[in-house]
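A.B. asks: Both chains come to you apart, so use the hints to assemble them.
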Amino acid sequence: MSVFTKLLATAAVAGAMFASPALAQDNVRVALVVKALGIGFFEAAAKGAEEAAAELGNVEVIYTGPTDTTAEGQIEVINALIAQKVDAIAISANDTDALVPALKRAMQRGITVISWDSGVAPEGRQLHLNPSSNPLIGNMIIKLAADHLPDGGQVALLSATTTSTNQNIWMEEMNKVMGNYPGVEVVATVYGDDLADKSYREATGLMQSYPDLDAIIAPTSVGIVAAAQAVVDAGKVGQVNVTGLGLPSEMAGAIESGASQSFAIWNPIDLGYSATMLAYELSQNGIEAAPGAEIPMGRMGTLTLDEKNEGAMADPFVYDSSNIDAFKSIF
Amino acid sequence: MLSRLFPARETILASAIMLLLVIVASRFHGFVAPSNLANVFNDTAPLIILALGQTVVILTRCIDLSVAANLALTGMATAMINVALPGLPIPVIIAIAVMLGAIMGAINGVLVWKLAIPPIVVTLGTMTIFRGIIFLISDGKWVNSHEMSAAFTGFPRAAFLGLPVLSWTAIATVIIFAIMMARTPLGRSIFAVGGNPHAAVYTGINVGKTQFFAFVISGALAGLTGYLWVARYAVAYVDIAGGFELEVVAACVIGGISIAGGAGSVGGAVLGAIFLGVVKNALPVVNISPFWQLAISGSAILIAVAFNARAGRAKGRIILKTTEANS
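These protein sequence lines are chains A and B, in that order.
Every letter in the first sequence is one number past the one before it in UniProt numbering, and letter 293, counting from 1, is 293.
Every letter in the second sequence is one number past the one before it in UniProt numbering, and letter 116, counting from 1, is 116.
Bound conformation, chain B alone (with noise of 0.2 angstroms):
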């Protein structure tokens, strides 16, 4: 009965998504054009591949508040490495950034694994440890676009089958996670997680270890997003993505993934990203006031998330008739 709940609750999101378009294209009818929807995807990719790492993380009851600070170290170091080394081949600097954003997951799961504590707490404080360690290695300077290779800017804007490299590393990154969460033990153990920590021990699954895997895949996906980043903006400064972490885990609750943990979907998490995407690529077209756009933003979030809620809400069933006739 629950896996027949999720696809209704996409189906919903997808809906609106589709009720936006239709609100937006009335006022704006080049929003719709397929060239630039794919604008619109191209430009929310990297939400989607943030939002998919963190919705590994929020299944099993953490959170990953340190994803947008890991990208923007990230970015800036693959950024500087592409300075000192301009010959550097692409595939490497992208190894580079997936392997340095893995290493950045995994010191956030080592915290929550080992010494247990609390995730909100370990990922703000290494969320500030990151921003402070940009400034620390580019002496608060920016990397800029003439510095950079322009195979290093070119990689993610790249066209391959009509679309930018960026958008089909997104689809990719879906694919994957929609196999790794429906057919893998990894998956299957990150909702067994989330969902019942205590019966999870007893079918043998590590708790602290399937969380510090989740970690690491979102810091992985932190760190390739960096490289995608800095390349398409063409720019590596401290403060790249500020607050982005916030959007991230606004889209995943948009999306239908229950910050308590065990509940939701790869397709939800997509789905909530690409509202955001919409209403964020939408705002500044439809001609509203910039200082209504940041209002609509948060109020969208709270309409989605209060759809959400009610719909996902547990009917509670009386078992006790007597009892209840009694009191």
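Next up, chain A with everything else stripped away, as it sits in the complex (with noise of 0.2 angstroms):
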């Protein structure tokens, strides 16, 4: 990054400060600090925390970041936010522990800090939002499938590699719930490494060995665009719905062609809404984020926390053709 950029940034954070000294004393002023400027996922957090500060009322929602995602640019970013004295920060960390003494510093002068998407280590936060949590994914990626399939019937899934962690953990929580989708049977899980041309040819294969397959499951996003192109290209359309985890701006076409009935993924709108609220609350209501406690985040319910101060916003937002054209040049 440019000595140029950064001074800009700082110069922009400063002149937000400046510029309205009076709105400052009447309002909260909340940061949203995102990993860099100009990310479509974060700009719709921002328009989520626009939202969030609208419905409160007396909020000013500051969205600001490096511009690019150096822990660097966003410990300069914090600096400034300090000294402006803003309420509340919610960050979306570029590294977990690097940013831990900049946001300390914020912490010991009184401002509220929450990180959210991507941590930071448990010292140099409140809190912490994941926009979900492995069970609720984990039923996430079943349920999808098979609430297209009210009579039951046949799924496949599709994941990364044998050893991809996250995707593992999902199949296996994904398991533990298959006992509330009678008739639903997994009969296959093959991998597709993570490369389109292999994901595409084991979908092919699934299609062919299991010829009444009704779903196909992919909890990773080139499986599930791979998936999709297979079940065009074989004429199986309205018979194979593929489904899982992907994101909106690849998934569009899918969607479009009929391929994919739905699939599911984080809302960022939604996230930097409950980000907001949160540092809201905390920093205004006066509640405490201890490991239990269950806190308030307006249209989006409540935030439990766990033993390390982490909680999970809520089952990932399901995308389909009511609402696909609307995210698919957000993220």
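Don't read these hints as lab results, they were simulated from the structure.
Warning: the hint list may mix true and false statements.
[Claimed, not checked] With the C-beta cut set under 8 angstroms, the calculated list includes, among others, these residues of chain A facing chain B:
hint, residue
1, 162
2, 190
3, 191
4, 197
5, 201
6, 202
7, 209
8, 225
9, 226
10, 250
11, 252
12, 256
13, 258
Beta carbons are placed, not taken as given, at the ideal position from N, Cα and C, and that holds for glycine.
C.D. replies: See below:
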């Protein structure tokens, strides 16, 4: 990052401080610090933060972050925010540990600090907001398939590699709740190694081996796209529903072709909204972030903290033909 | 005598493929249905095209490890061009793809020819550079199916006489290569350079220049495949075809292309690619644990190569019997 852009970013933050001294006295100022400016996902989170601010009335959201995804850039932003004496900082961190000293300093000055999306080590924040949790994701991936199979049916899993930690945990969590979805049978688990061509081949193989297959669940972004393409090429749109976890921008074509009825991933708008709500509650309503605490976050319900002061916001958000157009340009 | 040896080797490989098909069919009957075999061939088409390019390079005692990265970079470039100019006709896109690929091949070729850097080092370097460039031009972002035009993704899968264009491209490449290697001065000089570079120089063949052309051919084919690949899977990102270069080299080696250069045939490379294609397509349907699949693929390669090495080993001849008797 050039010195010039750093100066610009700092100037912009400083400008925001001096431009609204009158407002500052009345309003609660919540800084939403993102990994880098100009990323669709975070722009959407800022939109959610604004929504929370409008709902709360007396909140001013300062959306800021470095121009590239470095911890150093975020430390500068944090220092500028401390100088501004904001009321709360909600950060999606570029580094788990590097930000801790700066954020500790912020907390010493009475600023509420929470992390969201990408966390900070426990000593550097009061709580961490995860977009979802492994059990919720595990349940969601099978629910996505089961929702379109009222009479039950055969589903197969297309994962990343055999050693992918996330995917293995989600599939394990999924197996725990299979009892809630009677009639839905997982007939096979195959691995596409997160390669488009291998995933495509594995999906084609699944459709051959199980001619009555009703759904392919791919909890990986490469796999879900490749499987959707394989279903289109096999002429099985309408028979085999591809679902799982993917990004709206990558899955828009699959939704359009009908190969995928729906899929899920976090909703950045909800995430920004919840982070702002949580920061406000901690900063203004005297709620203490402690293990077991239940903190309200507006329309998103409440956040329950675990022993590490972390909480899961909600189920992954479901995207289908009704909302894909609004999200495909966001992330 | 050498020319009679090649068909024998190819017959063995063809029999191995038939045997493989029989074994797979005994576990999953649908696999040998003509429509499925056509699908398998179509799925193997990119590998066949790249294996032919690689064959030419290996014949000249070089190796091109940058083919997959070249493919990915060209694929990303064509996808981005398509997004920027959706109206651009497909023949123009293909021409751009072939040219881009050829330029990248030429870079390899020049480094090997003029700077005399070992080809494995050159292409290992350019492989990483090409992948890096994809990251630079794409910013790490994907180009997705809904952003590509229907004509762009439709071309390789358009059916013509019962087979998709992708398959026909592979067939056309095979025919062109068969003629080129057997009937043109370039084809013959490629064999000569690999067989005995010193002798080739005395016959007036420029060894470096021939190697340069081999890299250009390999690059151009990688470029062509880049477009076909991205259009087929309807997605372009940094890591597409990751590790595919090794599969291409494996196809050549299984097909009996000698890594030492100078020995091999177009038919062998094609059969080698088809062998790997059948294995890759059969494993998912015969219900073998995914944990075993990699091991099985690897063993198949080793067995095939060991077989080839045995069959191809020239029998030693004792020409000085008296010396042997004396020692």
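A.B. asks: Would the hint on residue 258 of chain A stand, with a C-beta cut-off of 8 angstroms toward chain B?
C.D. replies: Not OK, violated: residue 258 of chain A not within 8 angstroms of chain B, min 13 angstroms.
A.B. asks: Against chain B, with CB atoms and a cut of 8 angstroms, does the hint on residue 256 of chain A hold up?
C.D. replies: holds (6 angstroms)
A.B. asks: If you take the shortest Cβ to Cβ gap from residue 162 of chain A to chain B, is it below 8 angstroms?
C.D. replies: holds (6 angstroms)
A.B. asks: Per the CB criterion, is residue 226 of chain A less than 8 angstroms away from chain B?
C.D. replies: With a closest approach of 6 angstroms, the residue 226 of chain A hint holds.
A.B. asks: Please check whether residue 201 of chain A passes as an interface residue: C-beta within 8 angstroms of a C-beta belonging to chain B.
C.D. replies: This hint holds: residue 201 of chain A lies near chain B, its Cβ roughly 6 angstroms from the closest one there, short of 8 angstroms.
A.B. asks: Holds or violated: is there a CB of chain B closer than 8 angstroms to the CB of residue 190 of chain A?
C.D. replies: Holds. Min distance 6 angstroms.
A.B. asks: Can we keep the residue 202 of chain A interface hint, with Cβ of chain B closer than 8 angstroms?
C.D. replies: Holds. Min distance 5 angstroms.
A.B. asks: Using Cβ atoms only, decide whether residue 191 of chain A comes closer than 8 angstroms to chain B, and label the hint accordingly.
C.D. replies: holds (5 angstroms)
A.B. asks: So, as I understand it, the hint says residue 225 of chain A touches chain B; can you test that by seeing if any CB pair is closer than 8 angstroms?
C.D. replies: holds (5 angstroms)
A.B. asks: Hey, does the residue 252 of chain A contact hint survive, CB to chain B under 8 angstroms?
C.D. replies: Hint on residue 252 of chain A: holds, closest Cβ of chain B at ~4 angstroms, below 8 angstroms.
A.B. asks: Minimum Cβ distance from residue 197 of chain A to chain B below 8 angstroms?
C.D. replies: holds (6 angstroms)
A.B. asks: Does the interface hint hold: is residue 209 of chain A within less than 8 angstroms of chain B, judged Cβ to Cβ?
C.D. replies: With Cβ-Cβ at 5 angstroms, under 8 angstroms, it holds.
The structure is inconsistent with hint 13 alone, although it conforms to all the rest.
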